[in-house]
Amino acid sequence: DQQVKQNSPSLSVQEGRISILNCDYTNSMFDYFLWYKKYPAEGPTFLISISSIKDKNEDGRFTVFLNKSAKHLSLHIVPSQPGDSAVYFCAADDTGTYKYIFGTGTRLKVLA
Amino acid sequence: NAGVTQTPKFRVLKTGQSMTLLCAQDMNHEYMYWYRQDPGMGLRLIHYSVGEGTTAKGEVPDGYNVSRLKKQNFLLGLESAAPSQTSVYFCASTTGRAGNQPQHFGDGTRLSIL
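One line per chain: the protein sequences are A and B, in this order. Numbered by the working numbering, the letters in the first sequence go through residues 61 to 172 in order. Numbered by the working numbering, the letters in the second sequence go through residues 1410 to 1523 in order.
The shape of chain B in the complex, shown without the other chains (with noise of 0.2 Å):
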């Protein structure tokens, strides 16, 4: 089983390039969300999806924007990247509402911005 994949591991971008990060799960979960880590920050949510076609924001959105067309991907997107994007940004996901169901998690996506 994959669990939860993150592509890419690694990007470097310029200020003011886009990207799009892809987070897949293969657990048949209705509800993904993204994370950043920052240090001494814990773990932020950006924006959250509670199934396909779904999306709301988070703690920290801006800056980012989300699309969740197939209930399997769940899409980061930065449009003008800043150097206060630097981050390493996680994708999770879980079965349901109920709070005893863990989130699991990505291996993160370590971003750099120049």
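Next comes chain A alone, as it looks inside the complex (with noise of 0.2 Å):
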């Protein structure tokens, strides 16, 4: 039973596009959520984070965007740039608990 889906496995966008990468969930509890990078033979570096009674955070090139009634979250790169190629990985955090529980992970790809 997953509680955070990142349906797409991969992504390729083109440099200076936008890259979208999305992440569902479906406990309606969770406080927060968070998204992290991670480079190959390197551990996932924080990237930015909104709480479930907000919508939107930015943060510089990164915005993240929340649906709650769908259960959705989003996080915008604006412009992609192909340093930005990694993977992405979305997370809640888990209330009543001290754990986080966090998706699959959506390649990104930006190409030069």
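One should not assume that every hint holds.
Unchecked claim - Pairs of lysine-lysine, DSS-like flavour, derived with a Cα cap of 27 Å:
id	chain 1	residue 1	chain 2	residue 2
1	A	Lys114	A	Lys97
2	B	Lys1480	B	Lys1423
3	A	Lys131	A	Lys169
4	B	Lys1423	A	Lys159
5	A	Lys114	A	Lys128
6	A	Lys169	A	Lys116
7	A	Lys128	A	Lys97
8	A	Lys97	A	Lys159
9	A	Lys131	A	Lys116
10	A	Lys159	A	Lys65
11	B	Lys1466	A	Lys159
12	A	Lys65	B	Lys1466
13	B	Lys1423	B	Lys1466
14	A	Lys65	A	Lys116
15	A	Lys128	A	Lys159
16	A	Lys97	B	Lys1466
17	B	Lys1418	A	Lys97
18	A	Lys97	A	Lys116
19	B	Lys1418	A	Lys159
20	A	Lys169	A	Lys65
21	B	Lys1479	A	Lys159
Stated by the list, open to error - Facing chain A, according to a computed beta carbon distance under 8 Å, are these residues of chain B, among others:
id	residue
22	Gly1451
23	Leu1452
24	Leu1454
25	Gly1467
26	Phe1499
27	Gln1512
28	Asp1516
What the hints assert, rightly or not - Pair by pair, the computed Cβ-Cβ distance ranges are:
id	chain 1	residue 1	chain 2	residue 2	range
29	A	Gly120	B	Gly1505	16 to 26 Å
30	B	Gly1472	A	Thr105	20 to 30 Å
31	B	Leu1431	A	Lys131	33 to 43 Å
32	A	Asn87	B	Ala1465	16 to 26 Å
If you are wondering where the hints come from, they were derived from the structure by calculation, not from laboratory data. All C-beta atoms in this analysis are idealised placements derived from N, C-alpha and C, irrespective of residue type, glycine included.
Need the complex rebuilt from these two chains, each delivered in its own frame; the hints are there to steer you.
Put into structure tokens, the structure is as follows:
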């Protein structure tokens, strides 16, 4: 039973265009959602987060949108750069526990 | 700042051998976690700790044991390695319970069981 789902294993985008990575969840009690970026042979690094009481959070080229009614969030990267090529994980804070639940990841490739 | 350091980075074991993976963090974080990453499976939680001397089971704890004798260290043990435990293992730590406290990850240990 996967509570956090990333249904697109991979995505290719041209440099300068928008990248949109999607994430769906099933538990409406999640408090926070986080995005991590992972390069090969490195650990994931935190990118951006959003509280469940907000519908948008922006940090430079990265914006996360949350649609609670649809239990869906998305990460927008504008403009996309070749250095953004990585695996992106969506994660949710499992309220009432000390755990984070991760999606399976989406591999983004930004083409120069 | 070293952040989260995992030792070793690579290891090859034979079935039935035992080993311990070490995770050390220098950020004075209370919470520490061990994950494994397998193709198409994302990051799955093995065990975690909410403070020195505490441990708890995660999603896939079977075949693993952990200890947190010191706040800065979190050890993951494989008592009798099996090929199904071939994976990349990540350790993470975080400062607090609040959901927007991101986890800090080490660079992983790539473990192969033959």
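Structure-based check of all given hints:
no., hint, result
1, A:Lys114 <-> A:Lys97, "holds, 22 Å"
2, B:Lys1480 <-> B:Lys1423, "violated, 31 Å"
3, A:Lys131 <-> A:Lys169, "holds, 26 Å"
4, B:Lys1423 <-> A:Lys159, "violated, 32 Å"
5, A:Lys114 <-> A:Lys128, "holds, 9 Å"
6, A:Lys169 <-> A:Lys116, "holds, 24 Å"
7, A:Lys128 <-> A:Lys97, "holds, 23 Å"
8, A:Lys97 <-> A:Lys159, "holds, 19 Å"
9, A:Lys131 <-> A:Lys116, "holds, 14 Å"
10, A:Lys159 <-> A:Lys65, "holds, 16 Å"
11, B:Lys1466 <-> A:Lys159, "holds, 11 Å"
12, A:Lys65 <-> B:Lys1466, "holds, 22 Å"
13, B:Lys1423 <-> B:Lys1466, "holds, 25 Å"
14, A:Lys65 <-> A:Lys116, "holds, 20 Å"
15, A:Lys128 <-> A:Lys159, "holds, 21 Å"
16, A:Lys97 <-> B:Lys1466, "holds, 26 Å"
17, B:Lys1418 <-> A:Lys97, "holds, 20 Å"
18, A:Lys97 <-> A:Lys116, "holds, 19 Å"
19, B:Lys1418 <-> A:Lys159, "holds, 25 Å"
20, A:Lys169 <-> A:Lys65, "holds, 20 Å"
21, B:Lys1479 <-> A:Lys159, "holds, 21 Å"
22, Gly1451, "holds, 4 Å"
23, Leu1452, "holds, 4 Å"
24, Leu1454, "holds, 6 Å"
25, Gly1467, "holds, 7 Å"
26, Phe1499, "holds, 6 Å"
27, Gln1512, "holds, 6 Å"
28, Asp1516, "holds, 5 Å"
29, A:Gly120 <-> B:Gly1505: 16 to 26 Å, "holds, 25 Å"
30, B:Gly1472 <-> A:Thr105: 20 to 30 Å, "holds, 28 Å"
31, B:Leu1431 <-> A:Lys131: 33 to 43 Å, "holds, 38 Å"
32, A:Asn87 <-> B:Ala1465: 16 to 26 Å, "holds, 19 Å"
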